[in-house]
Amino acid sequence: MFDLETQIQSWSDHLRARGNFTDADISELEDHLRDEIEDLITAGLTPDESFLISVKRLGNVDEVSHEFAKVNTENLWKHLFIEPVDSTAKKESRRDIFLVVIFALLAGTLIKIPGLFGLGFDDPGADHFYIKNISLFILPFIAAFFMIKRKANRKTWSTILGVFIIAALIINIYPSFSPYNTETLSSLHLPLLLWLIVGVAYIGKKWRSSQGRMNFIRFTGEMLVYGVLVSAGIFVLGGFTVAIFGAIQIDAEKFMENYYVIYGACAAVLITAYLVEAKKSIVENFAPILAKIFSPLFLAIMVSFLVVMIITGKSPFMEREFLIAFDLMLALVLGLVLYVISSRNNQQPPNLFDYLNLALILIAFVIDGVALSAILFRLSAFGITPNKLAALGENLILLGNLGGLAWLYVVYFKGKCDFIKLEKWQTGYLNVYFIWTAVVAFIFPILFGFY
Amino acid sequence: MNVSKDLIAASATPLILAILKENDSYGYAIIKRVKEMSENQLIWTEGMLYPVLHRLEEQQLIESYWNKSEAGRQRKYYRIKDAGLSELELQRQQWEVVHSALAKTWSKEE
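Quick note, the sequences are listed as chains A and B, same order. Here the first sequence stands for residues 24 to 474, numbered as in our numbering. Here the second sequence stands for residues 1495 to 1604, numbered as in our numbering.
Bear in mind the hints are in silico, worked out from the structure with no lab data behind them. The beta carbon of each residue, even a glycine, is placed where N, CA and C say it ideally should be. Careful, some of the hints might be misleading.
Selected chain A positions facing chain B (in silico; Cβ < 8 Å) [as the list claims (entries may be wrong)]:
{"#": "1", "residue": "Asp46"}
{"#": "2", "residue": "Ser50"}
{"#": "3", "residue": "Asp54"}
{"#": "4", "residue": "Arg57"}
{"#": "5", "residue": "Glu59"}
{"#": "6", "residue": "Asp150"}
The calculated lysine-lysine pairs, modelled on PhoX-like cross-linking and capped at a C-alpha distance of 20 Å, are [unchecked claim]:
{"#": "7", "chain 1": "A", "residue 1": "Lys172", "chain 2": "A", "residue 2": "Lys229"}
{"#": "8", "chain 1": "A", "residue 1": "Lys178", "chain 2": "A", "residue 2": "Lys228"}
{"#": "9", "chain 1": "A", "residue 1": "Lys79", "chain 2": "B", "residue 2": "Lys1562"}
{"#": "10", "chain 1": "A", "residue 1": "Lys447", "chain 2": "A", "residue 2": "Lys228"}
{"#": "11", "chain 1": "B", "residue 1": "Lys1575", "chain 2": "B", "residue 2": "Lys1602"}
{"#": "12", "chain 1": "B", "residue 1": "Lys1529", "chain 2": "A", "residue 2": "Lys79"}
For each label pair, taking beta carbons as the anchor points, the in silico distance ranges come out as [what the hints assert, rightly or not]:
{"#": "13", "chain 1": "A", "residue 1": "Arg117", "chain 2": "B", "residue 2": "Pro1508", "range": "36 to 46 Å"}
{"#": "14", "chain 1": "A", "residue 1": "Tyr378", "chain 2": "B", "residue 2": "Arg1573", "range": "49 to 59 Å"}
{"#": "15", "chain 1": "A", "residue 1": "Arg117", "chain 2": "B", "residue 2": "His1593", "range": "49 to 59 Å"}
{"#": "16", "chain 1": "B", "residue 1": "Glu1530", "chain 2": "A", "residue 2": "Leu27", "range": "19 to 29 Å"}
{"#": "17", "chain 1": "A", "residue 1": "Ile154", "chain 2": "B", "residue 2": "Tyr1559", "range": "48 to 58 Å"}
{"#": "18", "chain 1": "A", "residue 1": "Arg173", "chain 2": "B", "residue 2": "Gln1587", "range": "54 to 64 Å"}
{"#": "19", "chain 1": "A", "residue 1": "Gly256", "chain 2": "B", "residue 2": "Tyr1559", "range": "29 to 39 Å"}
{"#": "20", "chain 1": "A", "residue 1": "Thr264", "chain 2": "B", "residue 2": "Tyr1559", "range": "39 to 49 Å"}
{"#": "21", "chain 1": "B", "residue 1": "Pro1508", "chain 2": "A", "residue 2": "Phe263", "range": "46 to 56 Å"}
{"#": "22", "chain 1": "A", "residue 1": "Ala301", "chain 2": "B", "residue 2": "Thr1599", "range": "33 to 43 Å"}
{"#": "23", "chain 1": "B", "residue 1": "Pro1508", "chain 2": "A", "residue 2": "Leu128", "range": "27 to 37 Å"}
{"#": "24", "chain 1": "A", "residue 1": "Leu27", "chain 2": "B", "residue 2": "Asn1534", "range": "38 to 48 Å"}
{"#": "25", "chain 1": "B", "residue 1": "Pro1508", "chain 2": "A", "residue 2": "Leu453", "range": "22 to 32 Å"}
Given these sequences and hints, build the entire structure.
See below:
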């Protein structure tokens, strides 16, 4: 069944993805397309015929886009901040900026409050408190920002804030004894868990849908890229502040430590969230571009690593630190694979990057298998510790994720399923991560008696 | 008849300004008007028209505003400014020079 609205929508999405058009340009061209279609329908054509002819007449999108680029190059960055076309959008963007400022101030102040009760940064025992709670100071504000933007209903608000409050209570009520293994594990897994909660706030009502989750995965990648840029800016500004005040013999470092770093970090996170949300659909995503550049390089390194390892017969997994480094690398590889998938059009036939992706997945799968056997060896040799059990779980989950992706890729290459199935599987797998991080953060401490 | 690309490009500005002098208009209507005025000889593409419109706007010869179309959609209209009117006058004089020169040579040939 031909749906004119959907077709027009996907046509304008296509224009948007080119990146050469401002929102105003796209509205203008869309209006033009609709005029053309209406005239053709009046002349007696069917909607699908009219749509096809109108799109054809509007010219090859690349050509139009190229012409626009000549006029619009200077806008490429400017139009991030350009006034939106209609007044409601204008009001909304002003409100968002206002929210960002208020929330950054609130989050920064929230971090300062424990200092009043003898838990300042320099007080004894405070480092544990801050490491444990740091995500709770900032993430609720990002969640709130998106719930306001998405006009969440009262139930969503109370559920999400409820989860944050419960997490805060549990993590602070749990006792902790030296050597603090379970506490460290909780502190590491809690931010990941809460980030997924932010994801629910970000996606909104359709938080179960594969498309919504894919958008959140894209959002996460862009957050990382933009976060690094914004933090670099804040860092440079801080450096100059200290330097120029130093030149007039005023020591700004105390101020920097106490206020600038804290408020700057909070502001960086919230500004990044705002920017990524605002530029969505205007500038092409960066994370997939980086992923495409680095996935062949990672593949080359990992293949040569495996070959050298087999030839020399050395096992890299005897040391704990290496094991952790490997896990991080596997997670990164999974990220690369994900962002290549995320930028892909579902209808596209398989291309070079799909095959590269499969190769990368397979090689990561093999390395993960080797790592897993090393962990099992350590478990049987040295007994169960919370760290090892957590590492085992993480590797098994990664193995499951990589294995599933590899399998679906093969099925897809054989032409037996649509690409959308891969996406659905991956977004569904987020549930596994959610459950696992929750288990490590909240159940491990009980299992291991809080040691 | 296929009018050459150069000639279409050169005549775009005076044609647009002349159409906007009649009354405010928008992209789709401008293309239709040009087609109508030239008796189907001049067919403009959108890829050419919109960049020219935006350039004229940048040069402050015309200005744009958003308004509702008859169907209730947001539509971008263009309006000629005073600078545009004097530019049109200037272009008209230039074209007349070219036209009268050509007309003289062609009448000799006959």
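Evaluated hints:
1. For Asp46 of chain A, the interface hint is violated, the least distance from its beta-carbon to any beta-carbon of chain B being 11 Å, above 8 Å.
2. Interface hint at Ser50 of chain A: satisfied, since its Cβ lies 6 Å from the closest Cβ of chain B, which is below the 8 Å cut-off.
3. For Asp54 of chain A, the interface hint holds, the least distance from its beta-carbon to any beta-carbon of chain B being 5 Å, beneath 8 Å.
4. A least Cβ separation of about 7 Å between Arg57 of chain A and chain B falls short of the 8 Å threshold, and the interface hint therefore holds.
5. A cut of 8 Å between beta carbons decides the hint on Glu59 of chain A: the least distance to chain B is about 7 Å, and the hint holds.
6. For Asp150 of chain A, the shortest C-beta to C-beta distance to chain B is roughly 55 Å, which exceeds 8 Å, and the interface hint is violated.
7. With a C-alpha separation of about 15 Å, the suggested pair Lys172 of chain A and Lys229 of chain A falls inside the 20 Å cut-off, and the hint holds.
8. Between the alpha carbons of Lys178 of chain A and Lys228 of chain A the distance comes to roughly 11 Å, so the proposed pair stays at or under 20 Å and holds.
9. Restraint check for Lys79 of chain A and Lys1562 of chain B: not satisfied, since their Cα atoms lie roughly 26 Å apart, outside the 20 Å limit.
10. Between Lys447 of chain A and Lys228 of chain A the alpha-carbon distance is near 17 Å, which keeps this suggested pair within the 20 Å criterion.
11. Between the alpha carbons of Lys1575 of chain B and Lys1602 of chain B the distance comes to roughly 40 Å, so the proposed pair goes past 20 Å and is violated.
12. For the proposed pair Lys1529 of chain B and Lys79 of chain A, the alpha carbon gap of about 18 Å is at most 20 Å, so the pair holds.
13. Restraint check, Arg117 of chain A to Pro1508 of chain B: a C-beta distance of roughly 41 Å satisfies the suggested window 36 to 46 Å.
14. In this structure the hint that Tyr378 of chain A and Arg1573 of chain B lie 49 to 59 Å apart at CB holds, the actual value being about 54 Å.
15. Checked against the hint of 49 to 59 Å, the pair Arg117 of chain A and His1593 of chain B passes, with Cβ atoms roughly 53 Å apart.
16. In this structure the hint that Glu1530 of chain B and Leu27 of chain A lie 19 to 29 Å apart at CB holds, the actual value being about 27 Å.
17. Between Ile154 of chain A and Tyr1559 of chain B the beta carbons are some 55 Å apart, a value that agrees with the proposed interval 48 to 58 Å.
18. For the pair Arg173 of chain A and Gln1587 of chain B, the supplied restraint of 54 to 64 Å holds, since their beta-carbon distance comes to about 58 Å.
19. Range check, Gly256 of chain A to Tyr1559 of chain B: about 36 Å between beta-carbon atoms, so the 29 to 39 Å window is met.
20. The hint said 39 to 49 Å for the Cβ distance between Thr264 of chain A and Tyr1559 of chain B, and at roughly 44 Å that hint holds.
21. Separation of Pro1508 of chain B from Phe263 of chain A is about 53 Å and conforms to the stated range, judged on CB atoms against 46 to 56 Å.
22. Separated by about 59 Å at the C-beta atoms, Ala301 of chain A and Thr1599 of chain B break the suggested range of 33 to 43 Å.
23. For Pro1508 of chain B and Leu128 of chain A, the hinted distance range of 27 to 37 Å is not satisfied, since their beta carbons lie about 56 Å from each other.
24. Our hint of 38 to 48 Å for Leu27 of chain A and Asn1534 of chain B is violated, since their Cβ atoms are close to 28 Å apart.
25. Separation of Pro1508 of chain B from Leu453 of chain A is about 59 Å and departs from the stated range, judged on CB atoms against 22 to 32 Å.
Consistency with the previously given hints fails for numbers 1, 6, 9, 11, 22, 23, 24 and 25, ordered from lowest to highest.
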